[in-house]
Amino acid sequence: MLGNALIGLREGLEAGLVVSILVAFLVRTDRRSELPKVWLGVGIAIVISAGVTIALALAQQQLTFEAQETFGGILSIVAVGFVTWMIFWMRRAARSISAELRGRLEGALAMGPAAVVVMAALAVGREGLETALFFFTAARAAGETAQPLIGFSLGIAAAILLAYLIYRGAISLNLGRFFTVTGVLLIFVAAGILAYGMHDLQEAGIVPGLTTLAFDVSAVIPPDSWHGTLLKGIFNFSPQTTVAEAIVWVAYVAVVLPLFLRPQRTRAATPTT
Amino acid sequence: MSRTSRAAVRVTTVIGAAAALAACTSTAPPSGGDAAGGGPIAVTAADASCDVAAAEAPAGKITFSVRNTGSKITEFYLYGTGDRIMGEVENIGPGLTRDLIVEVPDGGSYTTACKPGMVGDGIRAPFTVTGSATRSVDENTRLAEATTGYHRWVTSQIEALVPKTQEFVDAVKAGDVETAKALFPVARTYWERIEPVAESFGDIDPKIDGREDDERDAGVQFTGYHRLEKDLWVDGLQADSPAMADQLMADIRDLQSRTATVELTPVQLANGAKELLDEVATGKITGEEDRYSHTDLWDFKANVEGSQGAVASLRPVIDEKDPTLGPVLDERFAAVDALLEEYRVGDGYRLYTELTDEDKRRMAEAVDALGEPVSQVAGVVTS
Ligand SMILES: [Cu+2]
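Quick note, the sequences are listed as chains B and W, same order. 187 is the number that UniProt numbering gives to position 187 of the first sequence; each next residue is one higher, with no gaps. 305 is the number that UniProt numbering gives to position 305 of the second sequence; each next residue is one higher, with no gaps.
Some hints could be false.
A few chain W residues that face chain B, going by a derived Cβ cut-off under 8 Å, partial list only [what the hints assert, rightly or not]: (1) Thr81; (2) Ile85; (3) Asn91; (4) Pro94; (5) Gly95; (6) Thr97; (7) Arg98; (8) Met118; (9) Val119; (10) Val162; (11) Pro163.
Heads up, simulated DMTMM-like pairs for lysine to aspartate or glutamate below, C-alpha to C-alpha not over 25 Å straight-line [as the list claims (entries may be wrong)]: (12) W:Lys321 / B:Glu66; (13) W:Lys321 / W:Asp368; (14) W:Lys61 / B:Glu144.
A few chain W residues that face chain B, going by a derived Cβ cut-off under 8 Å, partial list only [stated by the list, open to error]: (15) Lys72; (16) Gly93; (17) Glu331.
It should be emphasised that the hints constitute simulated quantities derived from the structure, not laboratory data. No residue lacks a Cβ here, since even glycine has one placed at the ideal position from N, Cα and C.
With the rest of the complex left out, here is chain W (with noise of 0.2 Å):
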């Protein structure tokens, strides 16, 4: 019998975890009528859209009812940073409708997503969530001088670009490859370090610094900073040259005075930060992005200094909230630099054809190191 009844008692905890996870504060009530006012936000899937009816929600509990008005199962997500699931439905079959309500107590940039089918990414739209549920004042005061110092600091790095670049402009339209070749790497620094407030505007980037063999609309040409490199060093300047530094130039301009406006949140300054290191993985450790003029390593640099001016100015959160980060984030910072340091010839690098297997294999160990602690970021800041 004490079998049974040892057995038994597994059964009534079965039981009990249902009705607890019933009854505790697992649950969440339906949002309508709260302060919204909106209710539930209605999403029609079918095989081949996803229409969410609102694309921006407060803070707190939101509500998702999904209409499933094609013929394939359909799967309904909202994401966070980095594809972080914050809510997920599944098993929505053809003509049902189900909801989805989740917490998210955090504003900023989400991401809905329909998955007809249950395969791939589904089809995706930005969603905002705006405010903040359960921060405190002082914390949000905290975060907004992050968002105002690093914007600030951005301000200041474009400062300078303009007049880099324009100096880099003027050498190639005079014809004077030497010294336009000099010029290269030094604009570009002002650029990599700030690299993902362009990116946030989608279109300039591709036009400031695409690569020749990127996928480009018909009839869009290959511009920026790489089209210029490949006249430099391999084909000699060509008779649109001028015109092409030109181009450079005027969006260059373009991405100064839409900077002055951009507002940008803690998360997107986290996340800033670990894009600027895992492009430095994949473009510069690789040669990639500056296939030319082999001055990658200049990239290199003002990439980890793009991510550390990110990483301090959200500096007094990341210490208020967990204290333990900041001062693994400072070694790894500092190993990186000692590192790039070592490859240092005159006030440049040495160029990225002079590296052996073993620098690299160097190089992507630390900024592997880095990348670690820089990818908790966005979670602590946000916790």
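Bound conformation, chain B alone (with noise of 0.2 Å):
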């Protein structure tokens, strides 16, 4: 049951947490109107994760495992993209809000409706295929024994409980402290999710040293423990990290967080020389 319950929250924290922040920041920055967009995001990728399942299952096909990989690798990859383009667009509605008058944003900061959409797919969609195989099987055993069904759900639940809860923390903040904490917040997360892209790619084959392990602390993080599921659901964090991971890591953490610290200069402040 605990176990099962594990995965769920770690796979309803993967999803959920993208999701929380981009509603957080929707509603702090008054654009509610544009919520229903993030649901419609987390439906088609709902529908489209179960619905390869259920193809599948009813054609008695299963995906290979490379494809699996490979799916999931590059879906990931793109999400890091989304999440990037996410990251900065929030810095420069910082910018404008210390420019101009606080909750005034105006249309230059209109982010498309669809990419609202997109992003919040994404955010769910990459590991969506895995979930829905997961619940699939869960609900197949549940014949058996429904142990495993009732503890993912539970599992599920408290990933939403923890997002909601990230959520309010973050909606609670003052405007211009919101954008530092969740886009630096945003940062590890996508660095994360691009590791385990890479990982993904490296287990399917494309990519090669999926042995070589830049370090090894499964020892005191099992990846099964409550702590090691909270790190990996929030952060992506692998106790058993490989060198190719650790190195995309690293750049994208040194070059996106100093672009994204670095002083702005709104129009008051500028110095003139």
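Using the hints, build the complex out of the two chains.
What follows is the structure, given as structure tokens:
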């Protein structure tokens, strides 16, 4: 029961975290009208994942391991692109807020409505296939034992609750800090997704070096422990990290974090010499 | 609006990709009722055990049906040589059964592993895939010729190993320390050339070539070449040295009779070639193996010759599959040979203790440079 709950928690957090920050962002910048687009994106991802899983089950087929890993890996890397774009878009939003009146976000900040849909879809969809497959397996076993299904559902519920708490925590921040805190959080989340995508590609055999580990702390942080699950669910932290994963993680953070934190020059504060 | 439509195209692309993945050849039907007639292979994965119902399957699509009866989340892997993942299924929660469908085109030795708790190397077991799904008859013939060719070469080495070891053993038993010392690296040359074959038997290599500080089961003695090496160079001959010598000879004869019937696969040949170079890097360039006699360079040379012997048997297949690899192999083997020649003294080599750090660094570099193309051989011959 606990094991299945942890799987639900991990998969749920991986999907829920980006969505909760996206929602917090829209709410915080008075763009509640765009929230339905988030749910549309989430819906699309769920429908596709479930659809593919059920279609394959009906056809008595199954994705090969390489196809599954390649798919997950590529989606993860595409998702990183979107999240990065969102990070800098938020940064720009923060700048105009300090330059102009608080809360008056004008047309220049408009986020393409479809982009909101795609981002939400990617955040959920990249792990959707695996989650749907797991759910399907648990449901199929339910005739025998409902325990796995119950455990998994409890885990998902806990993930949604945690995502909600993160959302509440985020929107309670003042606007200036909101952008910095969520932006930095997202940078680490995105770096984790990138490393995870790299791992998938290594497993699929597209990128070599799966057994060349940068470090292995699985003795201290077992992946099936609750803290291992949280670290994995939020930051995609893998206790056994390959060198390639570590490189893309460090490279991403090293480039994006300084860019994000570099001093904002507002019109009023621009030094003139 | 242009922005919207561009993003909408992206959504469609993602959906399209998913649909394509579902529809194209990336799917695999469950192999129930195939040529094997066995259907999926049941795997029962508990917290401390991993029972795979069959240890063998024909090449092609193989389905494992993995049931987690333990309390931890588990994973199931099928590894090829060098721990290459052939297939894997993650997130098998307690009480669940998940299928792994893998495409294994080549016969050979594989490894199954359950990883309860998702950590470590897992609970492993050997798994044999028989036959070959995709190879043409021609290729199979060429590979068969490669393995028989290598087997012939191994046999010829053993035919020299037996009398040379006998001479060494006789010298030890006669108490002739100087002759025994001179024969030690010579007899070992034949052994070191074919060591991967001996390693494939598992129990024979530790008896013949174990080191004093190796882990042994209680009651198992330190025997073999290195035990006698220690007697000859450090402790002086002991009361049981003659018995140790006889034991070595018996183990070598055991190796001889087992080798006569051993069946090797092309992948084993290729991996053996690489293992020999790894041995050079870890045992010889470090002076670890012949720590009393310091005759490591003899072994070094023999390991490289053994590696070359295995690669040479596979050469027709390599040339067929990847014409660029052969010349690189030739060049790197030649470079290592040329380097070793610099250290030749008469029929033998300089002692390890006479090497400078610079010498060792150059050797390590040359062996690394050779190991790189050699490690590609397994992939090339099975592609
Ligand atoms: Cu050895």
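Verification of the hints:
Contact between W:Thr81 and chain B, as hinted, is not supported at the beta carbon level, the nearest pair being about 12 Å apart and thus beyond 8 Å. Because the smallest distance between the Cβ of W:Ile85 and any Cβ of chain B comes to about 6 Å, under 8 Å, the interface hint for this residue holds. The beta carbon of W:Asn91 is positioned within 8 Å of a beta carbon in chain B (closest approach about 5 Å), and the interface hint is therefore held. A cut of 8 Å between beta carbons decides the hint on W:Pro94: the least distance to chain B is about 5 Å, and the hint holds.
Evaluation of the W:Gly95 hint against chain B yields a held restraint, the C-beta minimum of about 5 Å falling below 8 Å. Of the supplied interface hints, the one on W:Thr97 holds, with its beta-carbon coming within about 7 Å of a beta-carbon of chain B, less than 8 Å. Hint on W:Arg98 holds. Least Cβ distance to chain B is approximately 5 Å, under the 8 Å limit. Annotation: W:Met118 was flagged as interfacial toward chain B, and the flag holds, the nearest CB pair being 4 Å apart, inside 8 Å.
Interface restraint check for W:Val119: the shortest CB-CB distance to chain B comes to about 4 Å, inside 8 Å, so the restraint holds. Because the beta carbon of W:Val162 sits about 38 Å from the nearest beta carbon in chain B, more than 8 Å, this interface hint is broken. Annotation: W:Pro163 was flagged as interfacial toward chain B, and the flag is violated, the nearest CB pair being 42 Å apart, outside 8 Å. Note on W:Lys321 and B:Glu66: the hinted pairing holds, with a Cα-Cα distance of about 23 Å set against a maximum of 25 Å.
Simply put, W:Lys321 and W:Asp368 have alpha-carbon atoms about 23 Å apart, close enough for the 25 Å limit, and the pair holds. The suggested pairing of W:Lys61 with B:Glu144 is violated, with an alpha-carbon distance near 28 Å, which exceeds 25 Å. Interface restraint check: W:Lys72 against chain B, minimum CB-CB distance 6 Å, threshold 8 Å, status holds. Here the hint on W:Gly93 is kept, as its CB sits about 4 Å from the closest CB of chain B, short of 8 Å.
The beta carbon of W:Glu331 is not positioned within 8 Å of any beta carbon in chain B (closest approach about 23 Å), and the interface hint is therefore violated.
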